[in-house]
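**Student:** Hey, can you piece these two chains together into the complex? The hints should help.
Which chain is which? The protein sequence lines are A and B, in order. Using the working numbering, the first residue of the first sequence is number 2, and each one after it goes up by one. Using the working numbering, the first residue of the second sequence is number 175, and each one after it goes up by one.
Treat the hints loosely; a few may be bogus.
To be verified - Stretches of chain B that chain A covers, calculated by requiring three or more beta carbons in the stretch to come under 8 Å of a beta carbon on chain A:
1) 293-302
2) 333-339
3) 362-370
Don't read these hints as lab results, they were simulated from the structure. Glycine included, each C-beta is placed from N, C-alpha and C at the ideal position.
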Amino acid sequence: MKKEAVTTLLEVSDLSITFTQYISGLRQRTIRAIINLSVNINHGEVLAIVGASGSGKSLLAHAILGILPGNACVDGKMVYAGELLTPARQAALRGREIALIPQSVNFLDPLMRVGAQVRSGIFNGNSTALQREIFDRYHLAVGTEQLFPFQLSGGMARRVLVATAAVGSARLIIADEPTPGLHPMIVRETLAHLRELSATGSAVMLITHDISAALETADRIAVFYAGTTVETAPASDFCGDGELLRHPYSKALWQALPQNGFQPIDGSQPSIDNLPCGCLFAPRCSLASRDCLTTVPELRSLRGGETRCHHAA
Amino acid sequence: MPLKADNVSFRYRSRSWILRNLNLTILPGEIVGLTGPSGCGKTTLARLLAGFERPEAGAVLLDGQSLSVSGYCPVQLVSQHPEQAVNPRWRIRDTLCEGYVPDEALLSGLGIKNEWLKRWPNELSAGELQRFCVARALGHGTRFLLADEMTTMLDAVTQAQIWQVVLKVADERKIGILITSHDEQLIKRICHRSINLTPCL
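Isolated chain B, as found in the complex (with noise of 0.2 Å):
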């Protein structure tokens, strides 16, 4: 039941091409590193495998199909800028519940405090934000979570304890994880195996 990028070509509009022919798999439970220079494509492959983007050529497949276009959707992305990823207008409570309702210890182990839930996003730094959309990515539908450069804005104690919680989670259910970053140390300590991407010329 994997995650499968088969042979994936993309480019934004008549522009240059980003992908070509790209291939990758990622199995249930398994942690994947995505490394590469800025500008070659990581972000873009990410947002291809959770459906925000459709390929020009080949397909994203999940259990060799496509990806559903309505209800909660299996594969996860959490971006790299929480502060966009967020309904400006919505207390961060709506949003969070907006796909499932997490339970209480999911929320403490990533540090939420419930004083926070009926705060506006603008009354969060990004730290406490991203908090919130890792805690929006981990519903009982998630399969596959894409972190996308996830914990880059967090200092250690918090990237380490957001990271411990969401390994723990992804091995008692076996989600599969692409992790796209560019600390080495990082990937080294967490991933199984790692991608690294070149830029298309």
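Excised from the complex, chain A in its bound form (with noise of 0.2 Å):
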């Protein structure tokens, strides 16, 4: 207990967001988009956030940050080394200790040149030495630095944006769709960046909805549908017929791969106004019984992993 307090760079537990939206004229109402969500990281580790599209993984990361829009509510709590994420700790820290790999490549400022864009990131010690040598290490030619954003090339671009939040001593990178539609080599060389920052002591989340790019790069995986956390598994145990993994989502996602089956699973995941009341997979579950429709299931440790099932075992 004593070490793992020692290791955990973040913590978040219990977490839950639910924005405030005007239906008509001014009647209100509230939608939950991130429910009892649990998620830990250790420093030195690659976590991979998976899961379907809309369950809020880009939510988490903007929490994390506290860049959430002004109609969001926050509650649960969030330690960072050791101490709890305010919102003051986290103007504090974003940018600074912990930095954002953002989804798309439009984050850049075009009005601005690169290398000027990578240099805002840096605090302490010679700027244009240091950006200079994290662009030579990125492979970005000389150059490169005079150039604005849409000079540059898709996957320069994406190799811009690893190097803003590389360049300062960030100890938490989140990185949020860091490869979508790319070519393999690029997403390759993206996803060995990631690992080198991780080599370096720092914690790096990878948000993605690709599986294979997780289970190359991550130590472990958590599993997020309709909004929280079902699983998290070690990387290797996304394997065979992922008879190793917790939850039936997660069997559901690996199986669905085209290399695993290609099978997919009826319905789709419940929308955030309409939640059943009990598990949230339920009404696409096959082992669903009355307990399931009833009671939500608590997160628990199972086999060096942790899931949220009543049936798991």
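**Tutor:** Shown next, in the form of structure tokens:
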């Protein structure tokens, strides 16, 4: 227990995020986007977060950084390096100790030369020298620093984004879908960079729906469904028919991959304004019993991982 | 009755060539994969085949004739950015039913919920929107489907779900499909053959 307290960098427990929306006139409603989500990440570890589209993966990243929109209400506890993560603490840490590699290359400032953008993330030392060093590390030619984002290819822009996060001394790097629709070569390169960052002691949270990419890079994998974690498992459990996995949704995800059967399950993720009252996966689950329809399963430890299922053994 | 790109060359404005003397034939019922590095012209080729762009030289032919510019186009494109492929000022039901009215079985097969129909596009996730784009493209007049990174933004379960429906419809109606993807495993799984596009120099 003591040892764990030393190595855990970020611990998120029972996080819930609700949004307040106006429906008509002054009538409001609240929708729950993330419910009782728990996840932790250790020093020097790559944790991949995979799961259904729209299951709240990016919201978690934004919640950790404290950059959710104004109508969001966050509940639960986030502890970073032994300290409670309050809005003030988040503001002090983000961009310095906690860095984001955003989902889209549109996050680069279109009117600013990329060299200057990377330098803006450096707070100590000779920023020009550090920026040149990191450009060199990511195979960005010397002249690249003078270019504007529109002059870069997709792969180069990706590398600039990674450089922006890696150049500071961030201890937690959150990569939000860094590789969608990219050529396998660039994907492998980006993932290798993330792996390299974790080797220097930083923790990397890799948000993706590309399970093969996650397996190649991550130590542990957290599976999200409808705004909650249904399972956290060592990457090595994703093998064979998925018999080592704990939750039926993780198994379904694994068996739906083109290389493992390509077998879908019926239905779709419940919409956030109409959630089932028991287990969120129950309406699509072949194991669902009466218990599953009425009581929400607690997150429990199982075989070196965690799961939220009444039937898992 | 194939869809044919006959010696097609294309470039945007006066920039360098994207496609040069390209030949490609897709037969009805055939599923063809298209791979290649980013920026090599995969999307451009799909847009040419669907009639969104005109080739600078060569021709796109369906049954030996060029595509008609009016009426329901028998060659339908599903784009990789669904949020850019629907009218943001139309409720999604209107977009869905613009070309034809899809039946219930198709919609439920694609996992589309009834309550989604009256929403605006910005109230749906990319994955949800893409299901509508797929349903819209499978009209009765569709003979060829161009799937440009159609399921890249989706999780594996949804991807398998959508492909199962599309492949079944394609098999019943002998629709030819061109699949653009970076996912080698997906191409290997569902395509009869695949073509690797190399960038023009």
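**Student:** Which of the numbered hints above does this structure break?
**Tutor:** Hints that this structure does not satisfy do not exist here, as all of them hold.
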